[in-house]
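J.: Letter by letter, the chains look like this.
There are 4 protein chains.
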Amino acid sequence: MKNDATEEQVQAVIKEIEKMGFRGVPMPGALRTAVCIIGNKGPVDATQLLAMEGVKEAIPVTKPYKLVSRETHPDSTVISIGDVTIGAGEPVIMAGPCAVESEEQALTIAAIVKKHGAKVFRGGAFKPRTSPYAFQGLGEKGLKILDKVRRETGLLIVTEATDSENLRAVEKYADIIQIGARNMQNYSLLRLAGQTKKPVLFKRGFAATIDEWLMAAEYIMSEGNTRIILCERGIRTFSDNTRNTLDISAIPSIKSVSHLPIIVDPSHAAGRRDYVIPLSRGAIAVGADGLLIEVHHDPAHALSDGMQSLYPHQFEQLMQEISRLKNFL
Amino acid sequence: MKNDATEEQVQAVIKEIEKMGFRGVPMPGALRTAVCIIGNKGPVDATQLLAMEGVKEAIPVTKPYKLVSRETHPDSTVISIGDVTIGAGEPVIMAGPCAVESEEQALTIAAIVKKHGAKVFRGGAFKPRTSPYAFQGLGEKGLKILDKVRRETGLLIVTEATDSENLRAVEKYADIIQIGARNMQNYSLLRLAGQTKKPVLFKRGFAATIDEWLMAAEYIMSEGNTRIILCERGIRTFSDNTRNTLDISAIPSIKSVSHLPIIVDPSHAAGRRDYVIPLSRGAIAVGADGLLIEVHHDPAHALSDGMQSLYPHQFEQLMQEISRLKNFL
Amino acid sequence: MKNDATEEQVQAVIKEIEKMGFRGVPMPGALRTAVCIIGNKGPVDATQLLAMEGVKEAIPVTKPYKLVSRETHPDSTVISIGDVTIGAGEPVIMAGPCAVESEEQALTIAAIVKKHGAKVFRGGAFKPRTSPYAFQGLGEKGLKILDKVRRETGLLIVTEATDSENLRAVEKYADIIQIGARNMQNYSLLRLAGQTKKPVLFKRGFAATIDEWLMAAEYIMSEGNTRIILCERGIRTFSDNTRNTLDISAIPSIKSVSHLPIIVDPSHAAGRRDYVIPLSRGAIAVGADGLLIEVHHDPAHALSDGMQSLYPHQFEQLMQEISRLKNFL
Amino acid sequence: MKNDATEEQVQAVIKEIEKMGFRGVPMPGALRTAVCIIGNKGPVDATQLLAMEGVKEAIPVTKPYKLVSRETHPDSTVISIGDVTIGAGEPVIMAGPCAVESEEQALTIAAIVKKHGAKVFRGGAFKPRTSPYAFQGLGEKGLKILDKVRRETGLLIVTEATDSENLRAVEKYADIIQIGARNMQNYSLLRLAGQTKKPVLFKRGFAATIDEWLMAAEYIMSEGNTRIILCERGIRTFSDNTRNTLDISAIPSIKSVSHLPIIVDPSHAAGRRDYVIPLSRGAIAVGADGLLIEVHHDPAHALSDGMQSLYPHQFEQLMQEISRLKNFL
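First to last, the protein sequences are chains A, B, C and D.
The opening residue of the first sequence carries number 1 in our numbering; numbering runs sequentially from there.
The opening residue of the second sequence carries number 1 in our numbering; numbering runs sequentially from there.
The opening residue of the third sequence carries number 1 in our numbering; numbering runs sequentially from there.
The opening residue of the fourth sequence carries number 1 in our numbering; numbering runs sequentially from there.
Extracted from the complex, chain A is given alone in its bound form (with noise of 0.2 Å):
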């Protein structure tokens, strides 16, 4: 339904709806109410409901995500955030540690990754852990950590809000909101990151399809936030010679589905240092308009798992190598 349709309008269009053989059930949203057809068995002609007042247009549910797709927006979407653009044909290279530890260690690292090239620095303050006996993150401690990085360096700050709690502050502190992988479909805090007004770093679930993301996304972007970045992280399969499997045609299926950019993170991926290179090779050759890497100034006494952090040597190269190979895309 429109903005500005009546409680009449509604009901007259789900009077319509039953008249069809069908129910119809009213979903209000933030800004519009949608009525849901029920019943119906494959495509139905909405011409009908079209003509009604108050109507603004008829979804297909056999496609079932619609302002992420590429069909409703051909032009790919480009986001800019301060002077960084993501999505513009430059790969943007977002790095820092798994966890915000002290202040120290992240300007130490904010340090190296800028001097290398990096836009962004990434480095979790809440950290969504498997065990509860875990570190858990600094939390807001981190934050302000991250805060000074910011000032101090210039670099953009990614960092994951895990409830609609933290949230809050990440949105607060931070220029790009993470919502993570355990997080995909936790559709609440996925509905309040659309109505921030940063943009949204959003990881694939690891046992989720493109059309779950996809569908997740709309969740986000239903909600009035269109700044969505796309970030693939592995899945989860019988495959064991990496933590995750690196689903690298996730890109072009992305870029042929989807107007939204899509960055890979490789080293939750492969969850050991020595793949991250080549993988990111490979992420930025196939397509890919940025990159998530995990790098630390001691891998060996990180918090969190330091075992595919890159050292700062290997981050050096990476860059080296993504910037030649920039020039051949």
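Hints should not be assumed to be uniformly reliable.
[Stated by the list, open to error] Computed cross-link-like contacts, EDC-like style, restricted to lysine to aspartate or glutamate with a CA-CA straight-line distance of at most 16 Å: (1) C/Lys-198 - C/Glu-171; (2) A/Lys-326 - D/Glu-316; (3) C/Lys-326 - B/Glu-321.
[To be verified] Here are the computed distance ranges between Cβ atoms for each label pair: (4) D/His-313 - C/Pro-43: 30 to 36 Å; (5) C/Asp-4 - D/Ser-80: 26 to 32 Å; (6) B/Asp-75 - C/Leu-107: 41 to 47 Å; (7) C/Thr-47 - A/Glu-7: 54 to 60 Å; (8) A/His-73 - C/Phe-328: 46 to 52 Å; (9) C/His-301 - D/Glu-165: 29 to 35 Å; (10) A/Gly-21 - C/Met-52: 33 to 39 Å; (11) D/Ala-111 - A/Phe-328: 25 to 31 Å; (12) B/Gln-11 - C/Met-307: 53 to 59 Å; (13) D/Tyr-311 - A/His-73: 24 to 30 Å; (14) C/Phe-328 - B/Arg-23: 55 to 61 Å; (15) D/Pro-74 - A/Met-307: 21 to 27 Å; (16) C/Asp-83 - D/Arg-168: 43 to 49 Å.
[What the hints assert, rightly or not] Output of the computed footprint for chain C on chain D, the stretches with three or more beta carbons under 8 Å from beta carbons of chain C: (17) 138–151; (18) 179–193; (19) 213–221.
In short, the hints are calculated from the structure, not lab data.
A virtual CB, placed ideally from N, CA and C, is assigned to each residue, including glycine.
Given the coordinates of chain A, assemble chains B, C and D onto it according to the supplied hints.
T.: Just chains B, C and D now, with coordinates in the frame of chain A:
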């Protein structure tokens, strides 16, 4: 650390850990502070630490869950709610529609499932749906209908909570709070569920290992709620003969490492009603403590996925078969 | 085409197909020639073709198996071998060691499994092993031991053939020829098995869908051997609580689309003996026509993987439980 | 044992193993006999055994492959066939249709792929097909067409062998013998391929781990054929955006543990032609030694699956992109 450990005692423990060549990180919890040891390769000899003031115990991280473990709690947990007991040998059948659609629908189905021997009525008021354009449930209105079902039939009520807000409402109206597969790693929600006074029906994520599931249950239990009923509902695999693959071996797996009861949801696993009866027989024969069954008086016109709902006569047959099978066990 | 179709008739059919705008490709088989229609999008109206000389039938490729399908053969197949019948309601238990190690070992175990009610003795003489350096079985010497087991105990013998050479030997010595999971798509071997006179125990590949499995069974049956016993033995998934995930829903899936009997191998699926009894109960309760169980008189010293072999007293318990369960069903 | 070890020496080793508390099982091979130690939990100290007469070496089973391992052969293997070298830095492109359909078709496509820089022509004469009613290839007639392609174009020929019989014919006509994914664990076929004089293109099974793949390659190499080219072709996962999920991390995985060259087949992995070019770029950027590409002059009328075949102009584009990318690497 103990509940009443002082900050000085915590700092002393951290220093001792540093002397051992590792790092100590304090993790303040609701009741007490834990200190994580970071940087060890393999088990650490905690003898010295256990002798220090304020230290309660040492939990090895190689076994990352503890409270839910059978090792620390050899007897099987039996959960009593009213006059229903779960985990005591008699399988408990929870049945009802996918979603509460109306008072009439709920009462109709509740009468059917009660007549055939179900003890708990299921029905969603808050539905986590893959698409934002799908029917999301009646919300609080649905909870009030469930409340009426309980008053009129005496059945217990189980219904899903999907975020911190509706958790409060579900806690108020339901006898058992369901946490769904998509939220299995929504740790903020788990902690909140752990702070309620109601038992939790805790579904396995469709791509979660048994260990991940139990670690997530540990989040609930570590907040003080010990009444957790696990529910196997199928895992995501390549196999396409069913919507998900019912992992029946989860039953002996859970029984061998945890003291918690486990029930099985064959309806969501199979995604088709003609497999629900044989899979139910299998689950009970393997040793499940109960079943969660989707039933609708008119599946063809069900909101949400009616393909998997049993017809009333099928539910009757299922209950008769389970009843005979119980005598075998 | 019919058995006695002439080359001219085949060519006439091909020309007719070309007139319809498609291509016709002759596929000579052992008994008769098939002509494939290539280039069609969707179903083809075969009325004209069926009216031509020499044409026997038109098989739509959308349902790519036919002989194994319940659609073309509504009655369930019952396979009789000596006085053992499979698929007639009474579950048949096949039991024995993973590999034949010696005459003494085989006779010892055969006496145990016979005593408790098994009808068929299993034991590998040719073992397909992941590593070329693992024990590959006793070969023909093992077959002769199996022959002696049959003569001394009256048990039927099932043992695996892994290539065209040992298939001949297995056919000679065994009552049932086993085709293992790794060879499920070894089509040359399947065709040869289809040309033997012995029933085939046909295991599902650990990454095969139900359709792929039935299409592979069609290779056997299309050569004339209609006595096929399917065997579910677990599929490869991310789940690590068992070696493979027993797909118990394969039983109703097979029963609904095929007339062939299906048994279950819980030993290889679970990979650990403590799950074998509950999974066996589950398989029989779901409707399996039998079980394939690994038993060893001394599992700790078994060649091949002894972790999953039942001890004799466990096998006795399993047989007692199955016996009681049968009375319920 | 050594080649010339006597039966007495073998028996002496077995006795010595028994003294150590284990069992020794002789495994006669083509060239020499191995003696397996059975019953050990963990590594065995082989010092005594190595000192005995006739003993060549002790292979720990924890690393179940040896000849294909980089540990025992640190230098990368370079395979030269005519003037084509694989594994020497320059990616080698193998291209052609799924199946040889006719002489005209093969020569037409061969001319196209040669013109744009392919060095090897691919095309199946023996097709392992999921359904027995699908086109199975032209057989030996197809091999003769491939032979003509080589004579007329100078391209090398790679084509698949599916059983012991057609392996002989393929060995005669082809330059490289392909073993397909379905036959990755057809150990009899692998042993025979290991006895040929031609290089083997060895595809990963779609549900095989890296270790299983290398152990299967060890079957080939242990028969004396050291010229093995591995080929990653996608693995089976839940993800449905491509037919199989291209496991690009297989490239660094193989490079780190094996000395063998590895190429990538993006056509079969993706199952759709629009992803082939980006995935090819990715594979080469990650470090693949070559590509196996499906090309057809008229995909819409291709026998077998034409959906994934590149059109000639797409193949031209692919070769141009790879050519530029090579300069970067």
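J.: Mind checking the alpha carbons of A/Lys-326 and D/Glu-316 for me, to see if they're no more than 16 Å apart?
T.: Between A/Lys-326 and D/Glu-316 the Cα gap is close to 22 Å, so the pair fails against 16 Å, i.e. violated.
J.: Could you say whether the range 41 to 47 Å given as a hint is met by the Cβ separation of B/Asp-75 and C/Leu-107?
T.: holds (44 Å)
J.: Using the C-beta atoms of D/Ala-111 and A/Phe-328, is the stated range 25 to 31 Å upheld?
T.: holds (29 Å)
J.: At the C-beta level, are B/Gln-11 and C/Met-307 separated by a distance inside 53 to 59 Å?
T.: violated (47 Å)
J.: Given that the segment 179–193 of chain D was listed as covered by chain C, double-check it with a C-beta distance under 8 Å for 3 or more residues.
T.: holds (count 7)
J.: Against chain C, does the segment 138–151 of chain D show at least 3 residues with beta-carbon separation below 8 Å?
T.: Not satisfied, violated; 0 residues make the cut.
J.: Taking 16 Å as the top limit, are the C-alpha atoms of C/Lys-198 and C/Glu-171 close enough?
T.: holds (7 Å)
J.: Given a hinted range of 55 to 61 Å, is it respected by the beta-carbon distance of C/Phe-328 and B/Arg-23?
T.: With Cβ atoms ~59 Å apart, the hint holds.
J.: Take a look at whether the Cβ-Cβ distance between C/Asp-4 and D/Ser-80 falls inside 26 to 32 Å.
T.: With Cβ atoms ~53 Å apart, the hint is violated.
J.: Return holds or violated for the Cβ distance of D/Tyr-311 and A/His-73 against the range 24 to 30 Å.
T.: holds (28 Å)
J.: Counting residues of the segment 213–221 of chain D that have a beta-carbon nearer than 8 Å to any beta-carbon of chain C, does the count reach 3?
T.: holds (count 4)
J.: Is 30 to 36 Å a correct range for the gap between the Cβ atoms of D/His-313 and C/Pro-43?
T.: holds (33 Å)
When held up to the earlier numbered hints, the structure conflicts with 2, 5, 8, 9, 10, 12 and 17 and fits the remainder.
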